[in-house]
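Novice: Single-letter residue listing:
2 protein chains.
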Amino acid sequence: MIMNPLTSSLAEMAFKNKRVLVTGGLGFVGSNLARRLADAGAHLMLVDSLIPDYGGNLFNLDGYEQRVTVNIADVRDEYSMDYLVQGQDLLFNLAGQTSHLDSMRDPYTDLDINVRSQLSILEACRKKNPGIKIVYASTRQFYGKPDYLPVDERHLLHPTDVNGINKMAGEWYHIVYNNVYGIRATSLRLTNTYGPRMRVKDARQTFLGIWLKQVLSGEPIVVYGDGQQLRDFNYVDDVVEALLIAALDARADGQVYNLGSAEPPISLNDLAQLLIETNTAGEYRRIPFPHDRKAIDIGDYYADCSKIRRELGWIPQVPLAEGLRRSLDYFRRHLPYYR
Amino acid sequence: MIMNPLTSSLAEMAFKNKRVLVTGGLGFVGSNLARRLADAGAHLMLVDSLIPDYGGNLFNLDGYEQRVTVNIADVRDEYSMDYLVQGQDLLFNLAGQTSHLDSMRDPYTDLDINVRSQLSILEACRKKNPGIKIVYASTRQFYGKPDYLPVDERHLLHPTDVNGINKMAGEWYHIVYNNVYGIRATSLRLTNTYGPRMRVKDARQTFLGIWLKQVLSGEPIVVYGDGQQLRDFNYVDDVVEALLIAALDARADGQVYNLGSAEPPISLNDLAQLLIETNTAGEYRRIPFPHDRKAIDIGDYYADCSKIRRELGWIPQVPLAEGLRRSLDYFRRHLPYYR
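Residue numbers (my numbering), protein chains in the order written: chain A, 1218 to 1556; chain B, 1218 to 1556.
In short, the hints are calculated from the structure, not lab data. Don't take each hint at face value.
Because identical chains cannot be distinguished in the list, a pair is counted as satisfied if it fits within a single copy or across any two copies.
Claimed, not checked - Here are the simulated DMTMM-like pairs of lysine to aspartate or glutamate, each with C-alpha atoms no more than 25 Å apart in a straight line:
{"id": "1", "residue 1": "Lys1362", "residue 2": "Asp1470"}
{"id": "2", "residue 1": "Lys1345", "residue 2": "Asp1323"}
{"id": "3", "residue 1": "Lys1235", "residue 2": "Asp1466"}
{"id": "4", "residue 1": "Lys1344", "residue 2": "Asp1329"}
{"id": "5", "residue 1": "Lys1524", "residue 2": "Asp1364"}
So that you can see chain A by itself, here it is in the shape it has in the complex (with noise of 0.2 Å):
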């Protein structure tokens, strides 16, 4: 963390007394940026549905209840994202469904959250709140199988599944509400993303919360086809730096970045071999990809992020056996809150 721009106290400051409402507050990225505001001293209002099959968990609050308030509420409701927007100077856009294999499964409520909800948010702040600063969690995911590598910007969208369609609809809506009635918003693609506090019971965050789950409880971790697909990781600190920079920078505006690691991509098969040493015990096994895993797969991915590098001067700085050593630490002693 020493060299991005938000590193200075004074760029720290920025955000102090500021009022900032975090859709998804209290999951995964959204926990971790509360968390982070709350010591910078922003005044944080967490929305989250708490729905038991995405990430929200209040454990995530863990010392930080009485620095946050939360307010339970669905995206999907308009009547309380039409008041809850109200006010606030910022708003970290980050309640989602995320699961590519549950988009399939039940595609009506993937739109319904990811589409409609984003629709309906941005409406509120065209009626309620016009002034707001808008930074929206995107993914990587509707690159689709890639045509090149590493993936820019520049790169076409073909998602291979509801969930990659809806999130770049989504995605869209704040970039034309930017455009058209100048509510400013800045899309960040997010790659796979990992850390305390993310979904370990499944696989519905990343792969790579059952995998720390599974080895911290002694049990093998499961990679589906030949290991060798290539991907990319982000540390949550370093999502959480990428979000807060696109908040205080106006070049962010209208803008859609790629996160993507510092380091070279890695293949699951190594992926599964750095975490089995990190945590000095474990061992894991190949199994065929289930035919529903391999219909929406997307193969090799990894991100080029040297736009938002050259333009906002985000350079992630927690490396992969870094961030994989706090992590175990973390759901080391935390395991339980998370199952």
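Given the structure of chain A, go ahead and fit chain B onto it with the hints provided.
Specialist: Quick look at chain B alone, frame taken from chain A:
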């Protein structure tokens, strides 16, 4: 129509006794398609909701009332769609909200029709008739303001309005259902389409509709801006031909294709002039761009449609001057039915 693959009577035979469902079947493109298919001996079921602001018009079936079945229903009604897709060989999925301005004023309705309904139509096919072949009427709209001209299918998608975002999502549902579930689907990205049976009472389908009405009513044609914007046009019979070709050719499954003109693009000024000459009377005047239209305008646009020519053999046959002549002839006779 003399060079396209379908002109041989052998190919035309392919539709004889085929069961064909057309959503938006009373609309502009849908009714022209239905008349052509009825002539080819297909059994047609036309679904339309006749929403007054949209393109459906019972007069579009004039002379064909006894040769097709009309089912008044809204594609938002999942149960109707579940029933109506059953037993059909082909689905031409043309129902949509087409007005860009309406999509900004009422984004939820556009979302319901252009996104949610597309999902429910595809879910109906997945559950009730996975062997169906679908041709989806998409739009060039979501390319947004072009990065380069002519625009081919490799051009980035960056929609400028809610309608563009929603049509983009609707198209991608079709491609994902093709790729994941094997429900054969092809998407054609239509550019400005004009001809008999189009909506002319306002600019909700394309500005050329209201121009036709204006010139036939002795009113001046109204051109926004400096009139230098370039556009391309397809006469509706050529679009119908593309829909039919895409339905028959298995190479089109899972593909998206631009439609576009075989002639050079034309400026709005020149188009107004050509329309007036073809009509042998009329005048046009330029007015400043209304603010709400300017905010979502895409500037110059014309398509590279070489992909569909190369892969499916489609070449538009009707020159603009001839298409305008036929359109004027039609509306001169039938304008009262389109007011």
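Novice: State for each hint whether it applies.
Specialist: Cross-check of the supplied hints:
no., hint, verdict
1, Lys1362 - Asp1470, "between (28 Å within a copy, 18 Å between copies)"
2, Lys1345 - Asp1323, "between (32 Å within a copy, 17 Å between copies)"
3, Lys1235 - Asp1466, "within (15 Å within a copy, 59 Å between copies)"
4, Lys1344 - Asp1329, "both (20 Å within a copy, 21 Å between copies)"
5, Lys1524 - Asp1364, "both (19 Å within a copy, 18 Å between copies)"
Hint compliance for this structure: every hint is met.
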